[in-house]
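**Q** Next come the chains, spelled out residue by residue.
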Amino acid sequence: MNHPHRRTAIRLAAVCVLMLGFSYALVPLYDALCDLTGLSGSTGNLTQAAPAAPKTGTAIERQVTLQFVANVDRSMPWDIRPDQFEMKVQPGQTYQTVFHAYNRTARPMTGQAVPSVAPQMAAPHLIKQECFCFTSQPLEAGERVEMPLIFRVSERLPETIETLTLSYTFFDVSQTSGTQSS
Amino acid sequence: MSEIAADAHDDHHDYHPSGLWRWVTTTNHKDIGTLYLWLAMIMFFIGGAMALVIRTELFSPGLQFVDPQFFNSMTTLHALVMIFGVVMPAFTGLANWQIPLMVGATDMALPRLNNWSFWILPFAFTMLLSTLFMDGGGPAGGWTLYPPLTLQTGDALPFVIFSIHFMGMSSIMGAINVIATIINMRAPGMHMMKMPLFVWTWLITAFLLIAVMPVLAGGVTMLLTDKFFGTSFFNAAGGGDPVMFQHIFWFFGHPEVYILILPSFGVVSSILPTFSRKPLFGYSSMVYATASIAFLSFVVWAHHMFTVGMPLAGELFFMFATMLIAVPTGVKVFNWVATMWRGSMTFETPMLFAIGFIIMFTIGGFSGLMLAIVPADFQYHDSYFVVAHFHYVLVPGSIFAIMAAVYYWLPKWTGNHYPERLGKWHFWLSTIFVNLTFFPMHFVGLAGMPRRIPDYALQFADYNMLASVGAFGFGFAQLLFLYIVLVTIRGGEKATDRVWEGAEGLEWTLPSPPPYHSFTTPPVIR
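As they're listed, the protein sequences go chains A and B. Here the numbering used here is used: the first residue of the first sequence is 610, the next is one more, and so on. Here the numbering used here is used: the first residue of the second sequence is 12, the next is one more, and so on.
Derived by calculation from the structure, the hints in this document are not laboratory data. Where a beta carbon is used, it is the ideal one built from N, C-alpha and C, also for glycine. The reader is advised that the hints may include incorrect statements.
[As the list claims (entries may be wrong)] If you anchor each label on the Cβ, the simulated ranges turn out as follows:
#1 A:Thr-703 x B:Phe-306: 32 to 40 Å
#2 A:Leu-627 x B:His-202: 48 to 56 Å
#3 B:Pro-79 x A:Arg-683: 19 to 27 Å
#4 A:Asp-644 x B:Lys-205: 29 to 37 Å
#5 A:Pro-686 x B:Gly-153: 28 to 36 Å
#6 A:Pro-686 x B:Leu-160: 44 to 52 Å
#7 B:Ala-247 x A:Ile-759: 19 to 27 Å
#8 B:Ile-194 x A:Thr-769: 50 to 58 Å
#9 B:Phe-306 x A:Val-626: 20 to 28 Å
#10 A:His-612 x B:Phe-306: 25 to 33 Å
[Said to hold, decoys possible] Residues of chain A placed beyond 12 Å of chain B at every Cβ, according to the derived structure:
#11 Val-673
#12 Arg-713
#13 Met-730
#14 Thr-774
#15 Gln-784
Start from the sequences, fold in the hints, and give me the full structure.
**A** As structure tokens, then:
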């Protein structure tokens with residue numbers, strides 16, 4: 610029947626489908642933007658190229674305080690705590706610490722940690738060389754484990770920042786990773 | 012343009028079912044416009060009743076009438092009903108009635124799609140309102156549906172999401188119809204820059220609808236899969252981020268607020284020249300201003316979420332982009348005032364509502380500018396100041412424009428004049444009570460009263476009592492509106508073809524009421 614109308618309607622419907630696709634495309638776009646800017650406290654990747662190596666001798670006597678926080682999700686019956694709650698660190702130096710995890714339940718479970726750095730401006734400057742974040746951590750009933758963290762703080766950390774907080778939240782991912790009890 | 016004449020001759024042209032079946036099967040733009048407007052009227056009273064539940068609870072401090080969960084579902088459903096069930100269908104109804112008459116077309120371009128886009132809506136709203144009777148109650152996390160709170164909704168959640176899908180489909184189909192009609196069915200000689208501004212604003216609104224309703228659909232679908240299918244779009248445990256929902260939602264939500272206001276600009280731009288007996292001042296600047304507002308609406312969304320924590324550069328960008336919108340809006344207000352300047356003005360009810368719109372919408376625009384200032388917004392955010400702001404742009408803004416349009420075109424639609432004295436009563440009661448309701452909310456908001464709470468600190472008691480009195484006054488004044496519409500449909504002083512002395516445009520060349528099939532031969536445009 611009305612060809613110009615049908616053509617207009619089909620084109621407009623195509624725009625709708627495109628915009629629906631765009632709403633889903635916003636998900637990876639948002640992640641990419643967060644990685645780029647450190648928005649929502651997301652931290653740099655392990656593979657991220659480290660900023661220029663420290664120039665020996667120019668190391669000023671700058672010290673910053675790094676605080677560690679570990680939390681569990683409401684439905685997560687584990688005990689998590691950092692080995693040290695606070696470290697004095699020099700920007701540019703590499704440090705190591707551990708977190709302790711204990712599965713209080715009588716069933717094997719899998720947990721996963723999601724990190725966040727405050728203040729946000731500091732997030733891109735905390736470089737983790739080894740980290741347990743974003744990998745599943747299986748624990749048998751009553752098992753304890755030490756999870757290592759190797760990191761350094763970039764010298765490019767803005768002068769105004771004297772204290773950083775690295776916070777981990779543990780979530781129960783037993784359902785999705787298939788290590789369900791029974 | 013030969014298809015224009017062919018459109019009117021569908022195979023069931025001579026088949027006129029009567030009674031209810033006529034309305035179910037109708038593909039006539041006038042019938043469908045009427046259906047949309049009546050749906051909006053019914054939903055207006057339902058949404059208004061919810062507002063009165065809210066204002067009853069807030070009449071005095073303390074919890075006295077409803078429990079907080081129900082209070083929260085009242086605020087949530089009041090917003091969803093008023094936005095998707097009143098303002099949007101009312102504008103679509105006006106578009107259905109007026110756009111074919113204004114561009115000299117026989118009907119809408121896609122009449123069967125038109126029937127479908129209306130008849131989805133009663134089902135969508137039945138489903139939405141039925142959630143009030145489900146386990147766990149209606150949705151109570153606010154109309155913005157932020158996760159994780161909204162994911163704690165009981166059985167209602169999938170019904171709310173599906174009803175939003177339906178409303179979105181209906182709006183998209185309506186918008187496709189409007190665009191196809193305006194692009195393809197203008198009478199010969201009706202160039203784009205000769206179209207009445209109501210047609211222009213609706214064309215731009217329809218493009219906004221097509222661009223953003225699918226984004227809302229995508230966002231709420233992600234909520235649905237997060238809740239029931241184990242995805243983690245907004246779930247931190249799976250690497251998602253709840254703040255991302257706010258970005259997706261407001262990418263829809265900000266253009267949506269212009270969807271709710273741009274057709275009002277068109278209505279006011281049609282009414283002012285008639286009662287000022289002067290052509291509209293600055294027609295082409297009005298068109299360009301509308302288009303700029305629509306374009307800018309896509310790059311300001313994050314001003315709804317300044318407090319989530321954004322880089323300074325982001326906050327500055329969104330602040331300045333938001334303030335930039337004041338420029339084309341200022342152009343429009345200036346042109347309206349200039350249209351009235353030295354006109355021989357008369358103050359019939361449509362003109363009163365249009366002037367009321369300009370003044371009170373501008374108040375809402377200014378409080379919007381205050382909210383755009385990032386450092387100030389941290390104080391205003393989620394307070395009653397925000398409630399006052401968006402009610403000023405939506406009630407004496409969009410709703411007044413819809414009422415102005417109904418008074419302006421009702422004599423054309425029905426062939427009868429409405430009772431002028433009652434119309435003026437309706438205007439003055441509405442204006443007094445709407446200000447009594449919403450103006451004090453600025454003060455309690457600035458003093459720190461948060462929105463979406465059933466109880467409040469004692470120092471806010473007096474202003475809340477005033478607001479509640481105003482809300483009841485405004486609500487009951489609208490019964491007068493219903494009465495006026497009903498008596499005008501049933502009879503009254505006969506209207507001439509032109510209805511208003513100063514009216515210009517194709518719709519006034521038709522008899523009042525216009526024949527069921529109008530412009531079966533295209534009109535000639537001078």
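**Q** Take the hints in turn and mark each one as holding or not.
**A** Results of checking the hints against the structure:
1. A:Thr-703 x B:Phe-306: 32 to 40 Å: violated (50 Å)
2. A:Leu-627 x B:His-202: 48 to 56 Å: Once the Cβ atoms are compared, 29 Å apart, the range 48 to 56 Å for B:His-202 and A:Leu-627 is violated.
3. B:Pro-79 x A:Arg-683: 19 to 27 Å: Since the Cβ atoms of B:Pro-79 and A:Arg-683 sit about 21 Å apart, the hinted range of 19 to 27 Å holds.
4. A:Asp-644 x B:Lys-205: 29 to 37 Å: violated (51 Å)
5. A:Pro-686 x B:Gly-153: 28 to 36 Å: Between A:Pro-686 and B:Gly-153, where Cβ atoms are some 31 Å apart, the hint holds.
6. A:Pro-686 x B:Leu-160: 44 to 52 Å: violated (24 Å)
7. B:Ala-247 x A:Ile-759: 19 to 27 Å: holds (24 Å)
8. B:Ile-194 x A:Thr-769: 50 to 58 Å: holds (56 Å)
9. B:Phe-306 x A:Val-626: 20 to 28 Å: At roughly 22 Å between Cβ atoms, A:Val-626 and B:Phe-306 fall inside 20 to 28 Å, so the hint holds.
10. A:His-612 x B:Phe-306: 25 to 33 Å: For A:His-612 and B:Phe-306 the Cβ distance comes to about 31 Å; the hint holds.
11. Val-673: holds (21 Å)
12. Arg-713: Label holds. Min Cβ-Cβ 18 Å, cutoff 12 Å.
13. Met-730: violated (8 Å)
14. Thr-774: holds (14 Å)
15. Gln-784: violated (8 Å)
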